[in-house]
Each structure stands twice: as structure tokens, then as C-alpha cells.
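Peer 1: Residue-level listing of the chains:
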Amino acid sequence: NAGVTQTPKFRVLKTGQSMTLLCAQDMNHEYMYWYRQDPGMGLRLIHYSVGEGTTAKGEVPDGYNVSRLKKQNFLLGLESAAPSQTSVYFCASSLGLAGWASDTQYFGPGTRLTVL
Amino acid sequence: DAKTTQPPSMDCAEGRAANLPCNHSTISGNEYVYWYRQIHSQGPQYIIHGLKNNETNEMASLIITEDRKSSTLILPHATLRDTAVYYCIVTWNSGAGSYQLTFGKGTKLSVIP
Numbered sequence: 001n002a003g004v005t006q007t008p009k010f011r012v013l014k015t016g017q018s019m020t021l022l023c024a025q026d027m028n029h030e031y032m033y034w035y036r037q038d039p040g041m042g043l044r045l046i047h048y049s050v051g052e053g054t055t056a057k058g059e060v061p062d063g064y065n066v067s068r069l070k071k072q073n074f075l076l077g078l079e080s081a082a083p084s085q086t087s088v089y090f091c092a093s094s095l096g097l098a099g100w101a102s103d104t105q106y107f108g109p110g111t112r113l114t115v116l
Numbered sequence: 117d118a119k120t121t122q123p124p125s126m127d128c129a130e131g132r133a134a135n136l137p138c139n140h141s142t143i144s145g146n147e148y149v150y151w152y153r154q155i156h157s158q159g160p161q162y163i164i165h166g167l168k169n170n171e172t173n174e175m176a177s178l179i180i181t182e183d184r185k186s187s188t189l190i191l192p193h194a195t196l197r198d199t200a201v202y203y204c205i206v207t208w209n210s211g212a213g214s215y216q217l218t219f220g221k222g223t224k225l226s227v228i229p
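Chains as they are written, first to last, in the working numbering: chain A, 1 to 116; chain B, 117 to 229.
Since the hints were derived computationally from the structure, they do not count as laboratory data. You may find that some hints are simply not true.
What the hints assert, rightly or not - Straight-line Cα separation of at most 20 angstroms, SDA-like style, residue types lysine to any residue; simulated pairs: (1) K119(B) x K71(A); (2) K224(B) x Q37(A); (3) K119(B) x G58(A); (4) K224(B) x V88(A); (5) K185(B) x G166(B); (6) K221(B) x E59(A); (7) K224(B) x G131(B); (8) K9(A) x S157(B); (9) K71(A) x T104(A); (10) K224(B) x G42(A); (11) K9(A) x Q161(B); (12) K224(B) x R44(A); (13) K221(B) x G16(A); (14) K14(A) x T114(A); (15) K221(B) x G42(A); (16) K9(A) x Y106(A); (17) K221(B) x P109(A); (18) K221(B) x K14(A); (19) K57(A) x T218(B); (20) K224(B) x G40(A); (21) K221(B) x M41(A); (22) K221(B) x G40(A); (23) K119(B) x V60(A); (24) K224(B) x V60(A); (25) K224(B) x M41(A); (26) K119(B) x M41(A); (27) K224(B) x T114(A); (28) K9(A) x H156(B).
As the list claims (entries may be wrong) - Computed beta-carbon distance windows for the label pairs: (29) V12(A) x E130(B): 36 to 46 angstroms; (30) I228(B) x P61(A): 34 to 44 angstroms; (31) E59(A) x N146(B): 13 to 23 angstroms; (32) S157(B) x N1(A): 18 to 28 angstroms; (33) K71(A) x K221(B): 45 to 55 angstroms; (34) A129(B) x V12(A): 37 to 47 angstroms.
As the list claims (entries may be wrong) - Partial pick of chain B residues on the chain A-facing surface, computed with a CB cut under 8 angstroms: (35) H156; (36) S157; (37) Q158; (38) G159; (39) Y203; (40) L217.
These numbers were taken from a predicted model, which means no experiment stands behind them. Glycine residues also receive a C-beta, built at the ideal position from the N, C-alpha and C atoms.
This is chain B alone, in the form it adopts within the complex (with noise of 0.2 angstroms):
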């Protein structure tokens, strides 16, 4: 399965665009990059998801790289709700018929008023 490593902290300003990145070195071709957030201690909400080419919704913006090992999660203009731990996952296989996530330790994200 594939492995992702994330920075443990980092801080925005208020309004300003954050800008969380992901190395995804062993990715392979047919598992996706998911991000997830943790809002202190609530479940962890989905935000985005890509395959190859880049994607945007209502939260965020995904950027995966050509070689697609590394992303980066954009939130356009982050507000102090946005404080929370980001979590970049890839999907991998279990064998089972089923897709798994594997989350590791995130980002801690901090928006600064």
C-alpha cells in the first residue's frame, strides 16, 4: 500500500489561501488521493478526491502532480473554522473486494486571525 508523508504543522492567515502538500512517492496507478479533515475530536469529514487531473469543489482544490507523486490541497480563502488536522490518504487495495483509506498523523492546520 501506499505511503504519505504531510508536514505536521502549518499556519495561514485569516482570508489568505492555504496550502497543504502530500508526497505520495510509491502511489500506484490505479489508487486515488484522498484528503480528509478533523475538526477537534469530531469524525473526519471528506473534502476532496483525484485520480490524475486536477479537481475543485465547494471546500477546496485538489493539485496532483504530472509523475502524480505528490498533491496539494488548496483552501482558497481560509477562515479560523478551517483549523483542523488535514489528512492525505491514498486508497489501496485489500484484496477483499474493498478499497481502504490508511490515515497517518495529518497536518495540523492553524488559521490566524
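So here's chain A without its partners, still in its complex pose (with noise of 0.2 angstroms):
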């Protein structure tokens, strides 16, 4: 099992580009999440997703949209990007039973993006 994987690495963008960040897990996982985490700070949830097909927005959504056609990957799109943008995004998934409090995050490895 790969776990969870995300492309690209690393990008950086040009103010008011476009991109879409790939999340891909091959767990059967449910739930998918993106966070993003600034230098010195903990990661903060930006979308998430119960299952194919749905999603819903975290603390900082803004400037972001997500889909989630099949249950495996999870897409983060960022329409046109902003220097505030700059950070290291961190895709998770987990089991997902509905209703479960202990239910484990598995992460992946992380995109740096730069926005210039």
C-alpha cells in the first residue's frame, strides 16, 4: 500500500494562476481532508469530504474548491492564486465510520507551494 500520495511536491505560481493539488489514497478511506500549514503553525482544516461525491469547507476555505468524483482522490483546486496562498498543503484520510469520534488521519507527504 502506497497510502496516502499527493502531486506535485513542490510548484511554485505566479499571482492569479491556476492549479489543482492531487490527493490519491488507496485505503478504501471515506473521509479525505486538506489542510495547509504556514511556518510555525499547526495545520489548519480548509475542506474535507464524508464521502465520493460530497464535500465540505474547514476553518480557512477561502480562495479554495475541492471535488471528490471518485473516492480515492481528492482534488484541491485553487482558482487564482494569492501570495497569501504561499504554505505547505498536507492532504489526510480516514476510515470514516459516520458518527465515529476515534477515527485515525493518515497523512501524506505534502505540497510546498510558493505563490509569487
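With the hints in hand, could you dock these two chains into one complex?
Peer 2: So, in C-alpha cells, the structure goes:
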């Protein structure tokens, strides 16, 4: 099992450009998450999905869109990148039994994005 | 949602036990305590979690006080590879059928040779 993988590992964008980050998991997990981590800070939840075809907003959703067309993939889009979106982006997945508080999240290696 | 308080940094001698404290005084009855760690810019790694009882696995032990207002993560024999930021997290119900994790700044553990 590869676990959770993220593509690309690094990216540099100019202000106003768009891009899509791809997260893939091979553990048949229902729930998937996108976080961002700024220097010296903890992770903040951007969006999450509780199943194929469903998404929901997290703590910091503005400027991002997501899609979950297939169970194993969760895409994070930036339509018009801004310097404030320079960050490290982590994807995670969990088994996700509804209402189950004891649900471990497994993280990918991260994507380092710089917006100039 | 419950919040946690951790010391910003700690040192531990290699081979000794590392005891990392966490306060979560507003935790409610159905919320779990989770510990993750992040080794130098890698993705966070799950360590252990618990509800009421003490827990142990191959990585660590988790001691939760009887009133559940605080907990301690114990790494029994710290090695240099345990140098990382350790996050104590309390899950909270987002109201959409999902329990979320909220990461604070964690404790930077430095294992000293």
C-alpha cells in the first residue's frame, strides 16, 4: 500500500495563476481532508469530504475549491492564486465511520506551494 | 470544540523517557484525545489515541487523568529519531457526520545525545 500520495511535491505559481493539487489514497477510506500549514504554525483544515461526491468547508476555505469525483481521489483547486496561499498543503484520509470519534487520520507527504 | 495547551518546547536525553503533558480542561464526554507528531516538514504521523483509559502501543503510552482534563504522552526510551513536534489534539464533532482534528502549535521535543 502506498497510503496517501500527493502530486506535485513542489510548485511555484505567479499571482493569478490556477492549479490543482491531487491527493490519492489506496486504503479505501471514506473521508478525506485538505490542510494547510504555514511556517511555525499547526495545520488548519481547508475542506474535507465524507464520501464520494460530497465536500464540506473547514476552518479556512476561502480561495479554494475541492472535488471528490472518485472515492480514492480528492482534488484541491486554486482558481486565482495569491501570495497568502504560499504554504505547505497536506492531504489526509480516514476510515470515516459516520459519527465515530475514534477515527485516525493518515497524512500524505505534503505539497510545498509558493505564490510569487 | 475543546482546546489543548502544550508547552512550546522540551528537551529529553537519549535513552530516557520523554513525558509530554497536555491540558484539555474543556473536553467533553465523547471527545477523544489524539497524539500526532511531525518530523521536520513531513506529514503528521499518528501515535496513539484514547478516551478514558490509559493506552499503550508499540510507539508510546497515553496516560489520561481520571477527570480527563489532562493527559501525558510517554515515549519510554527516546531516540534521536523522536525529535519532532508533538501535537495533542481533541476531536470535535463538526455536525456533518465527521469528527475533526484541530492542530495547535504543539510541543517541539528535542532529544539530546
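Peer 1: Indicate, hint by hint, whether the structure satisfies it.
Peer 2: Checked hints:
Between the alpha carbons of K119(B) and K71(A) the distance comes to roughly 31 angstroms, so the proposed pair goes past 20 angstroms and is violated. Restraint check: the Cα-Cα separation between K224(B) and Q37(A) comes to about 16 angstroms, which is no more than 20 angstroms; the hinted pair holds. The hinted pair formed by K119(B) and G58(A) meets the criterion: a straight-line CA distance of about 17 angstroms does not exceed 20 angstroms. Between K224(B) and V88(A), the direct Cα distance comes to roughly 19 angstroms. Compliance with the 20 angstroms bound is thereby established for this hinted pair.
For the proposed pair K185(B) and G166(B), the alpha carbon gap of about 13 angstroms is at most 20 angstroms, so the pair holds. As the CA atoms of K221(B) and E59(A) are separated by approximately 16 angstroms, the hinted pair is consistent with the 20 angstroms bound. Of the pairs offered as hints, the one joining K224(B) and G131(B) holds, with about 18 angstroms between alpha carbons and a cut-off of 20 angstroms not exceeded. A C-alpha spacing of about 12 angstroms is found between K9(A) and S157(B), which places the hinted pair at or below 20 angstroms, so the restraint holds.
Straight-line distance between C-alpha atoms of K71(A) and T104(A) comes to about 18 angstroms, which keeps the hinted pair within the 20 angstroms bound. At roughly 12 angstroms between alpha-carbon atoms, K224(B) and G42(A) fall within 20 angstroms of each other, so this suggested pair holds. The hinted pair formed by K9(A) and Q161(B) meets the criterion: a straight-line CA distance of about 18 angstroms does not exceed 20 angstroms. As the CA atoms of K224(B) and R44(A) are separated by approximately 18 angstroms, the hinted pair is consistent with the 20 angstroms bound.
A C-alpha spacing of about 30 angstroms is found between K221(B) and G16(A), which places the hinted pair above 20 angstroms, so the restraint is violated. Pair hint K14(A) plus T114(A) holds up; C-alpha atoms about 8 angstroms apart against a cutoff of 20 angstroms. Annotation: proposed proximity of K221(B) to G42(A) holds, straight-line Cα distance about 5 angstroms (limit 20 angstroms). Distance hint between K9(A) and Y106(A) is fulfilled; the C-alpha atoms sit about 17 angstroms from each other, no more than 20 angstroms.
A hinted pair counts as satisfied when its Cα atoms are at most 20 angstroms apart, and K221(B) with P109(A) qualifies at roughly 19 angstroms. Distance check on the hinted pair: K221(B) and K14(A) sit about 29 angstroms apart at the alpha-carbon level, beyond 20 angstroms; violated. Between K57(A) and T218(B), the direct Cα distance comes to roughly 14 angstroms. Compliance with the 20 angstroms bound is thereby established for this hinted pair. With a C-alpha separation of about 11 angstroms, the suggested pairing of K224(B) with G40(A) holds against the 20 angstroms cut-off.
In summary, the hint linking K221(B) to M41(A) is supported, as the alpha carbons are separated by about 5 angstroms, within the 20 angstroms threshold. Between K221(B) and G40(A) the CA atoms are separated by roughly 7 angstroms; this keeps the pair inside 20 angstroms, and the hint holds. Only pairs whose Cα atoms come within 20 angstroms are accepted, and K119(B) paired with V60(A) is accepted, the gap being roughly 18 angstroms. The hinted pair formed by K224(B) and V60(A) fails the criterion: a straight-line CA distance of about 25 angstroms is larger than 20 angstroms.
Distance hint between K224(B) and M41(A) is fulfilled; the C-alpha atoms sit about 12 angstroms from each other, no more than 20 angstroms. Annotation: proposed proximity of K119(B) to M41(A) holds, straight-line Cα distance about 15 angstroms (limit 20 angstroms). For the hint pairing K224(B) with T114(A), the CA-to-CA distance comes to about 25 angstroms; that exceeds 20 angstroms, so the pair is violated. Among the hinted pairs, K9(A) with H156(B) is consistent with the structure: their alpha-carbon atoms are about 15 angstroms apart, no more than 20 angstroms.
One distance hint, 36 to 46 angstroms for the beta-carbon pair V12(A) and E130(B), holds here, with the actual separation near 39 angstroms. Checking the proposed 34 to 44 angstroms range against I228(B) and P61(A) shows it holds: the Cβ atoms sit about 41 angstroms from each other. Against the hinted window of 13 to 23 angstroms, the Cβ-Cβ separation of E59(A) and N146(B) comes to about 21 angstroms, which satisfies the hint. Taking the beta carbon of each, S157(B) and N1(A) are about 23 angstroms apart, inside 18 to 28 angstroms as hinted.
K71(A) and K221(B) have their C-beta atoms about 33 angstroms apart, which leaves the hinted 45 to 55 angstroms range violated. Hint check: A129(B) to V12(A), Cβ distance near 41 angstroms, so the stated range 37 to 47 angstroms holds. Interface restraint check for H156(B): the shortest CB-CB distance to chain A comes to about 11 angstroms, outside 8 angstroms, so the restraint is violated. For S157(B), the interface hint holds, since its Cβ comes within 8 angstroms of a Cβ in chain A; the closest pair sits about 7 angstroms apart.
Here the hint on Q158(B) is kept, as its CB sits about 6 angstroms from the closest CB of chain A, short of 8 angstroms. The criterion of a C-beta within 8 angstroms of any C-beta in chain A is met by G159(B), whose closest approach is roughly 3 angstroms, and the hint holds. Interface restraint check for Y203(B): the shortest CB-CB distance to chain A comes to about 7 angstroms, inside 8 angstroms, so the restraint holds. For the restraint placing L217(B) at the interface with chain A, the shortest Cβ-Cβ distance is roughly 6 angstroms, inside the 8 angstroms limit, so the hint holds.
Hints 1, 13, 18, 24, 27, 33, 35 from the list above are not met by this structure, while the remaining hints are.
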